[in-house]
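So you can see what is in the structure, the chains are spelled out below.
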Amino acid sequence: MPKHDTPLMDELEKGPWPSFVTDLKRQAETKPECWDILGQMELSFKDRITHWKHGGIVGVFGYGGGIVGRYSDSPKQFPGVAHFHTVRLNQPSSKFYSSAKLRDICNLWEKYGSGMTNMHGSTGDLVLLGTRTENLEPLFYDLTHDLKQDLGGSGSNLRTPACCIGSARCEWSCYDTASICHHLTMHYQDEIHRPAFPYKFKFKFSGCPNDCVASIARSDFALIGTWKDDIRIDQDAVQGYIKGDYKPNGGARAKSKPFDIDEDVLALCPTACMRMKDNKLQIDNKNCTRCMFCLNMMPRALRPGVIKGASILCGAKAPILDGAQLATLIIPFVEVTADNEYENIIEVIESIWDWWMEAGKNRERLGETMQRLGLPTFLKVMDVTPIPQHIKIPRENPYVFWTDEEVPGGFERDIREFRKKHAQ
Amino acid sequence: MALSVDELKAAIIEKATKAPKPQLYIKDFYACDADSKPRVIKNVANDLVKEGKLMFWSSGSTTMYALPSRIKNEETRPQD
Ligand code: SF4
Ligand code: SF4
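Chains A and B, in that order, give the protein sequences.
Following this note's numbering, the numbering of the first sequence begins with 32 at its first residue and continues without gaps.
Following this note's numbering, the numbering of the second sequence begins with 88 at its first residue and continues without gaps.
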C-alpha cells in the first residue's frame with residue numbers, strides 16, 4: 032500500500048524506459064523507508080527545492096571519508112529517511128567483480144541499509160544509498176572483515192582512483208591501467224581515508240586517448256595512454272575496409288551509404304595528416320595528435336605504435352566555480368611501468384600536491400589554482416620546459432616572456448642610462 | 088624552527104578553541120606554524136581526530152575540523 036500520494040513521481044514510470052520510481056516501489060515492499068523517499072521527492076518536485084540536508088559528522092572510527100551524511104529536513108513527515116547516509120565502497124580496479132561478491136554486497140546492504148545502490152557513482156565507487164547512523168559501524172565491520180572490501184574517498188580526501196578496463200580486455204591500452212590504479216590505491220590509503228588537501232583530488236587512468244573513464248573531464252590528475260612512434264598499419268586490412276570485407280567502426284558506423292575511406296576517414300582526421308598514395312594509406316605521424324579516430328574506424332588495419340606510455344594532464348573539474356574545465360596537457364609522454372613501482376608517476380603526483388597544498392585556497396580544485404596562478408607558474412613548479420602544445424594557438428600568440436635566467440646578462444639595467452640613450 | 092608534534096597539537100587546539108568560526112579548514116591550521124609543512128600539519132590534525140580532541144565535519148565534498156563541543160551535529164540539533 033503506498034504511504035504517500037505521488038502523482039508527479041508516477042509520471043516518471045511512463046514511457047519505454049526502466050524507471051527508478053518503479054524500482055523504489057518494488058523495494059518498498061520489503062523496505063518501507065523507500066515510500067518516504069518517494070514522498071520526499073514528490074514534495075521536492077512540488078516545492079521545487081531539495082529536502083535533503085547534506086553533510087554532517089557521520090563516519091566510521093579512524094576514517095574521515097567514505098560516508099556522506101544525508102538528513103531529511105522534514106523528518107516528522109518522512110521518518111524513514113530522517114537519516115539517509117550514503118556509503119561509498121572502493122570498487123575493484125576496472126570494476127571486475129565476481130557475481131558472488133555482488134550478491135554479498137547486496138545482502139549486506141539489505142541487512143544494514145535501504146537496499147538501493149548506484150552502480151557506479153561518477154567517481155567510480157560502488158554507492159550504497161540510505162542508512163542510519165547506528166548502522167554504520169556494524170556495516171563497516173562486516174564489510175571489512177567478511178567481504179574484505181573497503182570504503183572509498185569523500186570530502187577533502189584523495190578520491191577513489193578509477194581506471195578503464197585497460198590491458199585486461201582492450202587491445203588499445205598503452206599501459207596496464209588496472210595495475211597502476213590498484214598500486215596507487217594501496218600506496219595512498221591514508222590520503223583516501225583521511226582528509227589531506229584543500230579540497231577533493233581525483234586520479235583517473237585511461238589506457239588510450241579514447242579515454243573511457245573521461246579522465247580529461249573529471250580528474251585533477253589524468254593519465255591517458257599514448258604512443259611515441261608511428262601508428263602500425265596493416266595495408267591488406269585497409270584494402271579489406273575499402274572493399275567492404277570488414278565493417279568500419281566495429282559495425283557502429285551508420286550504414287546510409289557504403290564506406291568511403293576518403294570521406295569517412297581521411298577527410299575527418301583532425302590534423303589532415305592522412306592520405307592514400309598508390310593505393311596505400313600513409314600517415315604523417317609527426318602531425319598526428321593520437322586522437323584515435325582512424326583507429327576506431329578501422330581497428331583491424333590500424334594499431335597504436337609500439338613505444339607506449341601515457342600523457343599527464345591536470346586540472347579538470349565540474350562547473351561549481353568558473354564553469355567546467357577540461358584538463359591541460361602537462362607532460363606529453365611518460366613511461367608507465369610496474370618495474371619501478373610507478374616511482375616516476377608518484378614523483379609527479381607528490382610535487383603537484385606539495386605545491387597545491389600550499390598555494391591552493393580552501394575549496395579550490397587544482398584546475399582553479401592553475402588558472403588563478405597561470406600555467407607558466409605551474410610548469411615551473413613541475414619543472415617542465417614549456418613546449419608548443421602548452422600554448423593556446425602557438426603560431427598566433429605574440430606573448431613570449433623571458434625570465435632573468437633565460438636572457439644572457441639578465442634583466443639588470445640602469446634605467447637612467449637607458450633613458451639617456453632612448454630619450455625622445 | 089618547526090614546532091614539535093606536541094607543540095603543534097596544542098597550537099591547533101588553541102586555534103580551534105579561539106577561532107570565531109567553529110569549523111575550520113585544514114588550511115586554517117597552517118598558520119599555527121609557518122615552519123611546518125602542510126602535510127605535517129594535516130597528519131597532526133588527523134591524529135587529534137583519532138584522539139577524540141577534534142572531529143571531522145564533511146559536506147561530502149569538503150571536510151572541516153572542529154572541537155567536539157563546537158561542531159554542528161544534525162542529530163542533536165532541534166528538528167522541525
Ligand atoms: S580508454 Fe582506451 S584502452 Fe581504455 S578501455 Fe577505452 S579504448 Fe580501451
Ligand atoms: S589518430 Fe587522429 S590525428 Fe592521428 S592519423 Fe588518426 S585520425 Fe589523424
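Note that these hints are calculated values from the structure, not bench results.
Heads up, a few of these hints could be off.
Unchecked claim - In the DSS-like style, the derived pairs of lysine-lysine whose C-alpha atoms are separated by at most 30 Å in a straight line are: (1) A/Lys84 - B/Lys108; (2) A/Lys392 - B/Lys159; (3) A/Lys142 - B/Lys105; (4) B/Lys140 - B/Lys105; (5) A/Lys392 - B/Lys140.
Non-conforming hints, listed in increasing numerical order: Violated hint: only 3; rest satisfied.
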